[in-house]
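Protein chains in written order, with our numbering: chain A, 64 to 216; chain B, 148 to 914; chain C, 1288 to 1573.
No lab work stands behind these hints: they were computed from the structure.
Here the structure is a predicted model, which means the values were calculated and not measured.
Wrong hints could be hidden among the right ones.
As the list claims (entries may be wrong) - Here chain A is said to cover these stretches of chain B; the calculated rule only asks that three of the stretch's residues, wherever they fall, bring their Cβ under 8 Å from a Cβ of chain A:
id, stretch
1, 404-417
2, 553-565
Said to hold, decoys possible - Some chain B residues well away from chain A (every beta-carbon gap over 12 Å; in silico):
id, residue
3, A177
4, H296
5, T314
6, G323
7, G538
Built from N, CA and C at the ideal position, the CB exists for glycine as well.
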Amino acid sequence: MLIRTTVNGRDCEVDVWPGASLLALLRDELGLSGSKNACEQGECGSCSAWLDGELVCACLVPAVQADGAAVRTVESLGDGERLHAVQDAFLAAGAVQCGFCTPGMVVAAVDLLERDPAPTDETIREALAGNLCRCTGYQKILDAVHLAAAEPA
Amino acid sequence: MSTTATPTVGGIGTSARRVDGIPKVTGAFAYGSDLDAENSLWGFTLRSPHASARIRAIDLAAARRGPGVAAVLIADDLPARRTFGLEFCDQPVLADGVVRYTGEPVAVVAAGTLEEARQAAAAISVDYEPLEPVTDMEKALRPDAPRVHDFGNVLRHVHIVHGDLETAEADVWVEGYYETATQDQAALGPEAGLAVPASDGGVDLYVATQWLHVDRQQIAPCLGLPEERVRITLAGVGGAFGSREDVHMQIHASLLALHTGRPVRMSYGREESFHGHVHRHPSRTWIRYGATRDGHLVACDVRLLLDGGAYASSSPAVIVNASTLAAGPYEVPNVRVEGTVVYTNTPPCGAMRGFGAPQVCFAYESAMDALAAELGMDPLELRLRNALHTGSVLPTGQVVTGSAPVREVIERLAAMPLPPEEPASGRDPISYPGGAGNVGRGESLRRGIGYAVGYKNIAYSEGFDDAAEATVTVRPGPDGPVASIRTAAVEYGQGLYTVLAQIVRSELGVEEVVVEPATTESGSAGSTSASRQTTMSGGAVLGACAEIKQELGKRPLEEPISRTFTYHHRPTTELDENGQGEPHVAFAFAAERAVVEVDAELGLVRVLQVAAVQDAGRVLNPQGATGQVEGGTAMGLGLAVMEELQLEDGNIRNASFTDYLIPTILDAPPIVTELVEVPEPGAPLGVKGVGEMATVVATSAVVAALRDATGRMLNRAPATPEDLVGIRLPATTAGPAPVPDVPGQRAIPEYAGLGLGQQELMKARER
Amino acid sequence: MEALLARSLEEALALRAAHPEAVPVAGGTDLMVAVNFGRARPPALLDLSRVQELRSWRRENGAVFVGAGMTFARIGRELGEFRPLVEAARSVGSPQIRSRATIGGNVGTASPAGDAIPVLAAYGAAVVVGSTRGERREAWDAFFIGPKRTTLAPDELVLGVEWQAPDGPGSFAKVGTRNAMVIAIAGLCLQLDLRARTVRLALGSVAPTVVRAPDAEAFAADVVPWDDPERGLPEEAAAEFGRLAALAARPIDDVRGSAAYRRHAVEVLARRALRWTLADRSAGAC
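Bound-form chain A, shown alone (with noise of 0.2 Å):
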């Protein structure tokens, strides 16, 4: 099925099976890795992007409902020469390590931070509720979420 979308602000038009996902789109029909496939069941947030603007897990998103609407992903953030405020201060803060919850982790952290720019512990607590990070414990992801805040706009 012909779905004809806006990835990243270009225009695009894919051939996909109709019970593909959107993050299958993204990684297999448009390249965009970024987005990660950790359980395909909306549980972890690794694939989390925006569909028109809402924060989605893209593994849930049928594709064919992608038809006639604007995807963001984590590829859209920092302008190719700089980094994402947010980006910036998950390094600064060590909140990467094995970096696969990163991308939705990060998309997760823009999105609460472009709706409210001075969260507390408990909201980015609940605003990151969805996204699953085996590796850091969550203490360095808070850290880098007020660090980002903290960031002059």
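Following the hints, put chains B and C in place on chain A, whose structure we already have.
Below, chains B and C alone, put in the same frame as chain A:
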């Protein structure tokens, strides 16, 4: 797949930024599951639905006809060796007439898309004759139990006798029975990789693994190829924690690639992943401590049983580790340990962060708390009174020659401030135990505090020379000298490459350091496990730098200078017939305190804080080291309250992240870490590994805190809400499992004439 | 597999009638799990995500209608006056799930663990169903007939749910083994109606469908001090309420929890929920 040089100043002792950080935050970092090649096929595995069965017939006709299908292979199609394994080659590449666990690979398919491969696998018709499985570790010891393998269900029994337990005089004895469940590593990155057939008839494999060379040693014979024609390049690894130490898709993908002449990519889904890697051994431990009235340990008697599942994996090493550490980080003059690992028809168990140490820590620390209560003594005071130190003699007769600041670790822990008391009412509902479920407004909250002290060996044991090679090259560059490191050592998140770069920066004064892709072109670096890699590869890099420095001392840098160094740790020995010897290289100690809040009526837990002190030798990267402590703590916390792979008749009931629960950010507490630096003599830079010790102690500390909060005995990990409210009673036992009659301390397959273990072969070859 | 994209309610109903074998999908948070795992291969998907008529809600006097396409994120943001519904919405999955999972999906999937369903049951809600044959309304307890089974005919779609806004405070709670992202081991919703002087208690995850606890409700209606908003409830009365609630549960042992624990959790939660709602009444909270 190469990593980027990070142009920051960052030598030893600084929290230098990760050398692979930028690609990881931008999503550009290529994990095994991200790899693809032109003209590639997808590989998929058909797995057994039975825990034990004979295969009467396999009909591939429909599968082979499937759209897009390029190959369907079963055991009969295997070109050469049909088995592999980390210790013994007892694990079939594809089930050969019989399946021994639910999930065992029976066939592999290559097709144009993953969906086509899946459909084809579903079209394979296997005629099974189910057999009676043995799925309980104690039942496996019975003489009438079904045999997983011909030579019986005992894989290895370790017998340690030190001093004289019979005549030991104690004023007080405590006795306890403790269980730990099967834990899953649950690395987010799945088993994945890409196999590309080469023009020389060999294969180029890009895979997420923990040890390139031991993989190659197992893969090549199964492909009928000499090792030189199996070339492995490390793909990005999305976490491992032991689950990438055993071969997963490597042989399958290579077989399919060679058979079809096309690249084959394989990437397990989460449900398959649960079946496709080894797990932490579930344990049953019967332990007795005897002590004097004033709290000096006199005796320790341990009967330990681990369930190794259907194949050996690294179980023979796990049981030795666990058994030798089973008396705890304490001086005990009279010790007996009988440790057994058995086969059952369950998914194989093997390496997982801690490697047997967390299981015995749960038993000995729970028993020590019971002893403290019996003596009316402060639990930390009891530990201090008996703590190991440099010069102590261990139950194996090994003398602790390295640093052992156990007292200091405990004292630093005791001094860490407790989190402030919080009012019971008026909080955001999400801050109560139960979190987002809105189950409480402060009812029946009980606070509890618990401690655990533990230890673990570093590097491989029992005479294994797990050496590590590294090559350092320095060359003139446009903006000054540039250094590069070439190592086969695996980085899977703990920051190894970053500390190696830091070492080069400090030793050579070169700021720009590149870490090249890890391949089998280099010599073996050994496994990234056993908290060994900073020591071993750090030692290799240090050695290479020392030689380069000598060269640089003689003349200015005009041409590249390259030096390769292989670092060996000091030799260790096997255990004699009484379990005596010098089996371990070095030890690291850790202690944690957990403060929990329990909703006593519902049995729901909120961990308020974990304070962690770790004996780190020398800290090369403070942020990296605390990151390991924090992550390791979260993993141990998982086993304490929520993680359990539930098996029923050998079948995994919860093979998904919906029902195998790992801690979310709402479950993870603030973790406060202190690192004690007493350099390890003889270790490069005095370092000790920090990867595992937090996991070793965290489970015990949290359960101890839950006991304190609820007053319940809690002799099982995880302690679930059912345990905490008392609906499920403590685990009971009919008594210690009988000690099997074995020919000696070695793994039984060896006595059964099944050849030397894989790792024995590695020892023999590298000498 | 085919994908049928509906762009209006009329088109959706027509497609549904013409393709009864097509599985309706809005947020996809249930269906896509089964598809990704290879467990479901429906011959066709009927995409409802673009049907604007389903993505709204209204309140006319006391009659509330919430369209099937309302996501839990929007419910949390926009239906703040219905506190138990918002509490249930907040407990669903993660922000990523809440932005997609819909109340229509909860109802259509009809899992006894569906988070919104106890709230609908405590509200005495009706499910509004549409087809090319017209609309019908069915009381929630007639609509849900078993685990993942409803009276929805192959040519029908869930249009939404409707209820009379209750006059009083209510509360939702659900128990899981960790602090986020759990499927309920046990859940409930309690709703007071101060004018009618009734207490409604609905239990989730402890029976083949969501069930009400009529004995507990009748008992509570008797003991709640309706005339005195400042008074709470004596210990024994709250405890008896909890016991009666637990008796209405018919839970099973499964991989998430035991029947015994589920009954126990219902008893505790029911007792607490009644206290909270009475406290909220005193505080003037609704």
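Hint by hint, here is what the structure shows:
A count of 3 residues in the stretch 404-417 of chain B with a Cβ less than 8 Å from any Cβ of chain A is obtained; the coverage claim is therefore met, three being the minimum. Chain A is given as covering the stretch 553-565 of chain B, and this is violated because 0 residues of the stretch bring a CB closer than 8 Å to a CB of that chain, at least three being needed. Against chain A, the non-interface label of A177(B) is violated: not every CB pair exceeds 12 Å, the least being about 7 Å. A cut-off of 12 Å between C-beta atoms confirms that H296(B) is not in contact with chain A; the least separation is 33 Å.
The claim that T314(B) lies off the interface holds: its Cβ sits roughly 46 Å from the closest Cβ of chain A, which is beyond the 12 Å cut-off. With a minimum CB-CB distance of about 29 Å to chain A, G323(B) clears the 12 Å threshold, and the non-interface call stands. Its beta-carbon lying about 34 Å from the closest one in chain A, G538(B) satisfies the requirement of being farther than 12 Å from that chain.
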